[in-house]
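Peer 1: Sequence:
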Amino acid sequence: MDVAWQRHFKKIGDAQRPRFKKKGKSRDSIRFVNFNKYCKLEGRRVKLPAGLGWVNFRKSRNVHGTVKNCTIGFDGGHWFISFQTERQVETPTHPSRSMIGVDVGIARFITLSDGSFVEPVSSFKAHQHRLAKAQRGLARKVKFSGDCSPPYRARLPTSTAATDNVPALREPPWDYRSLYYVIK
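Residue numbering for the sequence shown follows the numbering used here, beginning at 1 and increasing consecutively.
Treat the hints as calculated values from the structure; they're not laboratory data.
Treat the numbers as computed from the prediction; the structure is a model and nothing was measured.
Among the clues, some could well be false.
Distance condition first, Cα-Cα at most 25 Å in a straight line; then the derived PhoX-like pairs of lysine-lysine [to be verified]:
#, residue 1, residue 2
1, K141, K23
2, K21, K11
3, K47, K68
4, K23, K10
5, K22, K37
6, K22, K40
7, K37, K68
8, K11, K37
9, K59, K40
10, K22, K141
11, K23, K37
What follows is a set of in silico ranges between Cβ atoms, one per label pair, in the way DEER data are often shown [said to hold, decoys possible]:
#, residue 1, residue 2, range
12, V89, Y180, 36 to 46 Å
13, K125, N34, 44 to 54 Å
14, G65, V104, 27 to 37 Å
15, G53, G105, 23 to 33 Å
16, F83, Y180, 24 to 34 Å
17, R45, S96, 35 to 45 Å
18, K133, L52, 18 to 28 Å
19, N34, L112, 13 to 23 Å
20, W54, E86, 20 to 30 Å
21, E86, G43, 16 to 26 Å
22, S145, P92, 39 to 49 Å
23, G65, R45, 13 to 23 Å
Where a beta carbon is used, it is the ideal one built from N, C-alpha and C, also for glycine.
Make the full structure from the sequences, and use the hints.
Peer 2: This is the structure:
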């Protein structure tokens, strides 16, 4: 904190006044840099510094290249870990030789130059009733009542946040599916 204030007063770079971040109101995450020096990756577990030790994680895909750093974050009641890697990649070339014009809009998500279009899909509408139910449950609780004891009250905002993230966690982004349709 002291270093941040010193950078602000000495006008080093674009240093601004330090902002205080409340838990849960900003992205709760921590980044471990110099991965090769302080951390280690073995299969489905990673060794983290600062006394955390070995932590298991669900490996959704293989890690290619050399790991430079990792970020651990908490969002919607779930912990996430991501690895930033460095590797050599060839410049991709698409086998198609044809071209098409694409217009991205609001009423029609994608309009192609041949006249076809893709309608926007709202995954929020499918899960809107679950979110409304969780928010009503939180709003109707009376503080310091038996129904709203501190441990129960502490769980409610987390469940509401988790319900907010359901469309993002459960379904792949629909715009990528539309993009695949356009590329194909």
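Peer 1: If a hint holds in the structure, say so; if it does not, say that too.
Peer 2: How the hints compare with the structure:
no., hint, in the structure
1, K141 <-> K23, "holds (22 Å)"
2, K21 <-> K11, "holds (22 Å)"
3, K47 <-> K68, "holds (14 Å)"
4, K23 <-> K10, "violated (29 Å)"
5, K22 <-> K37, "violated (31 Å)"
6, K22 <-> K40, "violated (30 Å)"
7, K37 <-> K68, "holds (10 Å)"
8, K11 <-> K37, "violated (32 Å)"
9, K59 <-> K40, "holds (15 Å)"
10, K22 <-> K141, "holds (23 Å)"
11, K23 <-> K37, "violated (29 Å)"
12, V89 <-> Y180: 36 to 46 Å, "violated (20 Å)"
13, K125 <-> N34: 44 to 54 Å, "holds (45 Å)"
14, G65 <-> V104: 27 to 37 Å, "holds (32 Å)"
15, G53 <-> G105: 23 to 33 Å, "violated (51 Å)"
16, F83 <-> Y180: 24 to 34 Å, "holds (26 Å)"
17, R45 <-> S96: 35 to 45 Å, "holds (42 Å)"
18, K133 <-> L52: 18 to 28 Å, "violated (36 Å)"
19, N34 <-> L112: 13 to 23 Å, "violated (47 Å)"
20, W54 <-> E86: 20 to 30 Å, "holds (24 Å)"
21, E86 <-> G43: 16 to 26 Å, "holds (21 Å)"
22, S145 <-> P92: 39 to 49 Å, "violated (59 Å)"
23, G65 <-> R45: 13 to 23 Å, "holds (19 Å)"
The structure fails to meet hints 4, 5, 6, 8, 11, 12, 15, 18, 19, 22 from the earlier list, while all remaining hints are met.
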